[in-house]
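Chain residues, written in single-letter form:
Number of protein chains: 2
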Amino acid sequence: MTTPFKITPAAPAAIPWRSAPEDRAGAVLTVDLKALVENWRILRARAKPGCDVGAVVKADGYGLGAEQVGRALAGAGCQTFYVAHLDGAAALRRAVGPGPRIACLNGPNRGTERDFVAHRIMPVLSTPEHVKAWCAFALTEEVLLESIVQIDTGMNRLGLSPNEFAALMDDADGFLGLHPQMLMSHLACADTPDHPMNREQLTRFIPALSRFRARFPDAKGSLANSGGMLLGHEWQFDYGRPGIALYGSHPQPGHSRNPMLPVAYLKARIIQVRRVDTPGHVGYGAAAKVGEGAKLATVSMGYADGFLRTLSNVGTGYLDGIPVPVTGRVSMDLITFDVSNVPDSAAQPGGFIDILGANLTVDDVAAKAGTIGYEILTALGRRFHRRYLPASG
Amino acid sequence: MTTPFKITPAAPAAIPWRSAPEDRAGAVLTVDLKALVENWRILRARAKPGCDVGAVVKADGYGLGAEQVGRALAGAGCQTFYVAHLDGAAALRRAVGPGPRIACLNGPNRGTERDFVAHRIMPVLSTPEHVKAWCAFALTEEVLLESIVQIDTGMNRLGLSPNEFAALMDDADGFLGLHPQMLMSHLACADTPDHPMNREQLTRFIPALSRFRARFPDAKGSLANSGGMLLGHEWQFDYGRPGIALYGSHPQPGHSRNPMLPVAYLKARIIQVRRVDTPGHVGYGAAAKVGEGAKLATVSMGYADGFLRTLSNVGTGYLDGIPVPVTGRVSMDLITFDVSNVPDSAAQPGGFIDILGANLTVDDVAAKAGTIGYEILTALGRRFHRRYLPASG
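So the sequence lines, in the order shown, correspond to chains A and B.
Heads up, the first sequence is in this note's numbering, so the first residue is 27 and it goes up one at a time.
Heads up, the second sequence is in this note's numbering, so the first residue is 27 and it goes up one at a time.
Read the hints as simulated data drawn from the structure, not as lab findings.
If you're wondering where the values come from, they're calculated on a predicted model, not measured in any experiment.
Accuracy of the hints is not assured; some may be wrong.
The list cannot tell twin chains apart, which means a pair is met if one copy fits it or any two copies do.
Unchecked claim - No farther apart than 25 Å at their CA atoms in a straight line, the calculated lysine to any residue pairs in the SDA-like style are these:
{"no.": "1", "residue 1": "394", "residue 2": "313"}
{"no.": "2", "residue 1": "394", "residue 2": "339"}
{"no.": "3", "residue 1": "158", "residue 2": "144"}
{"no.": "4", "residue 1": "158", "residue 2": "243"}
{"no.": "5", "residue 1": "158", "residue 2": "416"}
{"no.": "6", "residue 1": "158", "residue 2": "317"}
{"no.": "7", "residue 1": "394", "residue 2": "311"}
{"no.": "8", "residue 1": "60", "residue 2": "117"}
{"no.": "9", "residue 1": "74", "residue 2": "230"}
{"no.": "10", "residue 1": "315", "residue 2": "223"}
{"no.": "11", "residue 1": "158", "residue 2": "299"}
{"no.": "12", "residue 1": "394", "residue 2": "340"}
{"no.": "13", "residue 1": "315", "residue 2": "218"}
{"no.": "14", "residue 1": "321", "residue 2": "192"}
{"no.": "15", "residue 1": "60", "residue 2": "416"}
{"no.": "16", "residue 1": "394", "residue 2": "47"}
{"no.": "17", "residue 1": "60", "residue 2": "285"}
{"no.": "18", "residue 1": "315", "residue 2": "396"}
{"no.": "19", "residue 1": "394", "residue 2": "370"}
{"no.": "20", "residue 1": "158", "residue 2": "302"}
{"no.": "21", "residue 1": "315", "residue 2": "245"}
{"no.": "22", "residue 1": "60", "residue 2": "121"}
Just need the whole structure built from these sequences, with the hints factored in.
Right under this line is the structure:
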């Protein structure tokens, strides 16, 4: 290839950017840490006295950045964090410092015990193998090891079964070497307040906790996720573990007005605005028709950025406050919107179409995509420019 | 919280890991770079003589790692890469060195021109505004600037419309200062060989290319994505731009045996194996029933890792060569499989369930999820441990 301008020589890693990250990005994600902290306070206000309201920040803080989210909440007084994996737990420990408790929900893989101790992460022990391995490590180290024990109360996903829990409790040495802080279980249907499963699980949890406390008088109980916090004091016990509500999604969609504030704002850059001069089709598979005179805007974002492909032909954006429908299939790096209703002055290349915002919530997008707000958040891409609005000030 | 073991003091960032990344991870993604290179060679063998067969490595190399993919293909002789965004282009430049061409498909955002030049990235100019800005920059810099011009031939997604292209060609100064290497367009329906759109787009592209070459005799043509490469020599022109086929997905699914080799292998770690002792339900919403005696395995991976939630109750894994269905809803960090058909000796905590592999291709999973292989790949998570099998040796 001929190269009419000077080729930059070696070590291109050292080339400084001349343009701002926001100007280079195809989309800009703004995370309102003040709203996040306010959501945590809203949940705390609903908690019974003495209940420690923590924060679930797994999956990189539901896609919004576990370190930034963790620092903001720790700054506001949150004392307990829950992550899924050890690597995320250690990264969070670096972010929030030595003070807060950090629990690792997916438990300790074999051979990782020393790393849990080094970063002071509490493993959630959900299986007889977890308990056995953690006890063996405690005995080797000759210390009492902190931990959380999880029992299953009907979700059949993770946690000691009733029989497994009973066998360990029947064995005087079943937890030898452990110093469990917490007995926890997880609600399957807390997003549906009137689901009978909620009380069934509560009814199973209470006697198990009593039995556990007879052995470990200091141990606390934890049952409530976001939905569980809203079910009422009965479900809250000592440690609340809200996740999705912190990020602004409604923990019990359809059952009341969403009490949470929006936290995530996403806008995608318009690359091209096109006035269609001959009727035809839009996008892959020619799956959408477009008539003469229609005005289309294509943005620099796609399903590789987490705009789920199920939003093809059904998703919506907002441009200058006007709803604009997705037309055709969502591409990997591009989405085309029909902006025929938007004045030319507002529909210009270089402008932005709102993808998530005050009038287009995570739950709205989830409903159109046939999924839940959780997946909309955790799918958020890595190519966005990310802005964090500070928690205070 | 009481802390019976010694708290590690400040600077936890400096704490070295005692366990291997693979042992800490919930899932392991293996990328077979040798198969990737072989796929590139298969496509090259189908290309007409003189056609430069490049590689589309946008969206972080379709989720598999643009830098590793780029280095492997550059090592095999691939001379042209296509990415979506400038940041990805610059990262790829660092990975592949100064030799290969790198094109930025989503074009130059305003104000980023100097960065394109500094990293020697060719912008794809798809709009009159792109052309105008790039020409203005060229005139300011008093150099001829490399670029690619994209026209729309019926997809109505990105590229100069016929009228816009004609207007620029009619203007003797329309491309003043540019040194276009390529005129490109994009096929909407190349995954369906008998779709009439394929020939329609070809029929529009040929005269546009002739006209462009009358002005820029050195300029080459580029129309074919992966599917287009398989449509035949007529569609290939000078630069082929395969993407999905390199990564092992069938570029024309359902129309022939997949000629590509699998590249991605993904396995998720079993946390718990549970023998159900009382009939009940599995997972969120109690959306799946489970009978007494069923055996369930829960793995340390979920939709936050790209196992799309649409796979709830319909996805499949493989354990020890035996298909195991997803039971219940996919959770953010956990998936439960029914492993009743697998012997206890094979279904053990610490073992792995295959999520993608030789007998469970990207296209198989996509079909169950109601999407395309592209989205399965680009959704792949960031929490996996990633292993790269070398391209040679």
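- Query: Looking back at the hints listed earlier, which ones does the structure fail to meet?
  - Reply: Going through the list in order, the structure violates hints 5, 6, 16, 19, 21 and respects the others.
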